[in-house]
Amino acid sequence: MSECRLVTSQLSSYVDDQLEPDRRSEVERHLEGCVSCRGQVARERGGQTVLRHHAARLREQPRPEEILPPGLRSRCESLVGEHTRAASLPGWRRTLVPTVLSVILLVFTASAIFSLATRQSDAVLAAQLTADHSKCFKLFVAGDPPVMDAHEVEEMLSREYGWKIHVPPSSDGLQLIGARRCLYADGLIPHVMYRANGQDLSLFVLNGVTRSPAQLVTFGHRSQIWTKNNTTFVLVSPSEESGRLADATRYMMKEADR
Amino acid sequence: MFGRRKRAAPDTFGSEVLGYLEPLFATAMRLTRNRADAEDLVQDTVVRALRFRDRFEPGTNLRAWLYTILHNTWRNRVRDTAREATDVDSERIEELAARADGPAEVETPERLLLRATMDADLKDALDDLPEAFRQAVWLRDVEEFSYAEIAKMLDVPIGTVMSRISRGRRQLFEKLSQSKDGAQVPVSR
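In order, the protein sequence lines correspond to chains A and B. Residues in the first sequence are numbered consecutively from 1, following our numbering. Residues in the second sequence are numbered consecutively from 1, following our numbering.
Careful: at least some of the hints might be erroneous.
[What the hints assert, rightly or not] A partial selection of chain A residues facing chain B, derived with a Cβ cut-off under 8 Å:
| hint | residue |
| --- | --- |
| 1 | Gly46 |
| 2 | Val50 |
| 3 | Arg52 |
| 4 | Ala55 |
| 5 | Pro62 |
| 6 | Glu66 |
| 7 | Arg73 |
| 8 | Ser74 |
| 9 | Cys76 |
| 10 | Glu77 |
| 11 | Ser78 |
| 12 | Val80 |
| 13 | His83 |
| 14 | Lys138 |
| 15 | Val141 |
[What the hints assert, rightly or not] Think about it this way: if two alpha-carbon atoms lie no more than 25 Å apart in a straight line, the pair counts; the simulated SDA-like pairs of lysine to any residue are:
| hint | chain 1 | residue 1 | chain 2 | residue 2 |
| --- | --- | --- | --- | --- |
| 16 | B | Lys123 | A | Glu66 |
| 17 | B | Lys123 | A | His53 |
| 18 | B | Lys123 | A | Lys164 |
| 19 | A | Lys254 | A | Glu152 |
| 20 | A | Lys138 | B | Arg48 |
| 21 | A | Lys164 | A | Gly71 |
| 22 | A | Lys135 | B | Asp37 |
| 23 | B | Lys175 | A | Lys164 |
Simulated from the structure, these hints should not be mistaken for laboratory data. Just so it is clear, CB atoms sit at the ideal spot from N, CA and C, and this is done for glycine as well.
Starting from the given sequences, assemble the full structure and let the hints guide the process.
And the structure:
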């Protein structure tokens with residue numbers, strides 16, 4: 001019986017032909033006289049043969065639900081792109097990279113937990129746009145950026161990406177400092193960046209998307225979501241709003257969908 | 001005043017990682033059985049791979065390294081849940097296997113192969129395996145990783161990997177040997 005146990009513990013190595021010759025001979029001697037262990041070998045070899053016969057098809061023809069979603073590919077490409085660009089930055093900027101990746105990791109992990117907890121798409125939207133907000137400001141805004149003209153930004157978005165959106169201009173206490181294109185779900189969307197009282201604000205514009213109004217706080221950031229004329233706007237700002245920042249938020253919500 | 005900066009070799013790490021997204025997602029779906037969780041898991045895996053790329057030894061198996069990250073990440077998420085109860089099942093299965101009929105009572109692998117060409121049968125049988133067995137046989141026989149690589153991915157000793165593979169293969173064979181109503185297929189002699 002103890003010999004059977006010893007052989008059983010080495011079955012996969014025997015079937016995979018990975019035993020040393022001496023050990024293999026010992027196992028084979030045992031098998032000659034043991035019907036039970038021969039049965040084990042036959043069953044294991046059967047399972048192995050079937051799997052290996054179909055391995056290529058199992059690997060290469062996934063079930064429909066196992067096919068990589070295009071949105072996930074785009075997001076991963078975006079992560080790799082950011083990483084590659086950051087790695088090519090001069091040393092002083094490269095030191096930002098671990099911080100930025102930590103932020104991305106934190107927010108993505110957090111969004112996963114959040115989505116598991118709530119299963120509400122608003123939470124996922126807010127988490128992802130908060131990630132983009134943090135990432136873009138960390139990577140692309142250094143020091144005290146110059147204030148930009150709203151018409152020039154609108155022209156740039158139209159010329160470069162074919163987007164025709166209204167960009168709220170700077171106002172008292174709020175400075176327009178840039179615009180980028182960011183990735184959300186399966187598509188690219190405009191991301192307009194502001195600074196108010198030293199704090200960062202982001203306006204995301206999702207054309208052709210209608211959502212119910214919502215306000216969520218996700219990891220230190222407030223996401224204000226609203227829709228007008230089949231366009232959804234998401235304003236991401238620090239959750240601790242006070243004074244000038246609250247004024248800026250109200251102004252943006254009034255001005256963005258004009 | 002400044003020396004000319006050396007041109008760095010093209011960095012292909014990121015694109016190599018992207019080349020494994022399909023199998024990573026399929027693996028994530030098999031682990032999580034949920035699309036949203038699988039997407040999160042793959043995205044996390046990519047972020048971690050980029051973050052810890054210095055820990056990857058060039059020249060070793062990048063695919064195995066990524067699978068290890070993916071499995072570690074998933075394990076961390078489900079830690080302390082009831083999933084580890086699989087080993088209890090495996091003991092029971094082992095007992096049943098020990099009581100099973102001898103070699104003359106089962107189909108030959110060749111005959112089984114002919115019947116098992118229905119992908120759906122095989123996939124259903126794989127789905128029915130306890131999770132620990134399913135992971136082990138898939139990583140060994142479908143993905144063709146070594147015992148050592150699988151042990152690292154699953155964070156278990158090699159002996160446990162071998163045992164799970166062995167039990168998983170036998171159980172899979174037994175499931176495929178049974179007709180749909182649960183009766184044994186006529187013996188091939």
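Hinted contact Glu66(A) with chain B - closest CB pair below 8 Å: Constraint on Glu66(A) satisfied, holds at 4 Å.
Restraint outcome when Lys138(A) is required to lie within 8 Å of chain B by C-beta distance: violated, 14 Å
Interface hint outcome for Pro62(A) [beta carbon to chain B under 8 Å]: Holds: closest Cβ of chain B sits about 5 Å from Pro62(A), inside 8 Å.
Status of the Gly46(A) interface restraint (C-beta, 8 Å, chain B): Result: holds, 4 Å to nearest chain B Cβ.
Status of the Val50(A) interface restraint (C-beta, 8 Å, chain B): Status holds, d = 5 Å.
Agreement of hint Ser78(A) with chain B interface, Cβ distance less than 8 Å: Status violated, d = 10 Å.
25 Å limit on alpha-carbon distance, applied to hinted pair Lys138(A) and Arg48(B): Since the Cα atoms of Lys138(A) and Arg48(B) sit roughly 19 Å apart, the hinted pair holds (cutoff 25 Å).
Hinted pair Lys123(B) and Glu66(A), Cα distance within 25 Å: Holds - the C-alpha atoms of Glu66(A) and Lys123(B) are around 13 Å apart, at most 25 Å.
Hint validity - Arg73(A) Cβ closer than 8 Å to any chain B Cβ: holds, 6 Å
Restraint status (C-alpha distance of Lys135(A) to Asp37(B) at most 25 Å): It holds: about 22 Å lies between the C-alpha atoms, which stays within 25 Å.
Proposed proximity, Lys164(A) with Lys175(B) (alpha carbon, max 25 Å): Violated, because 59 Å separates the two Cα atoms, which is more than 25 Å.
Hint consistency between Lys164(A) and Gly71(A) [alpha-carbon to alpha-carbon, up to 25 Å]: holds, 23 Å
Going down the numbered hints, you'll see the structure goes against 8, 11, 14, 15, 18 and 23, while the others check out.
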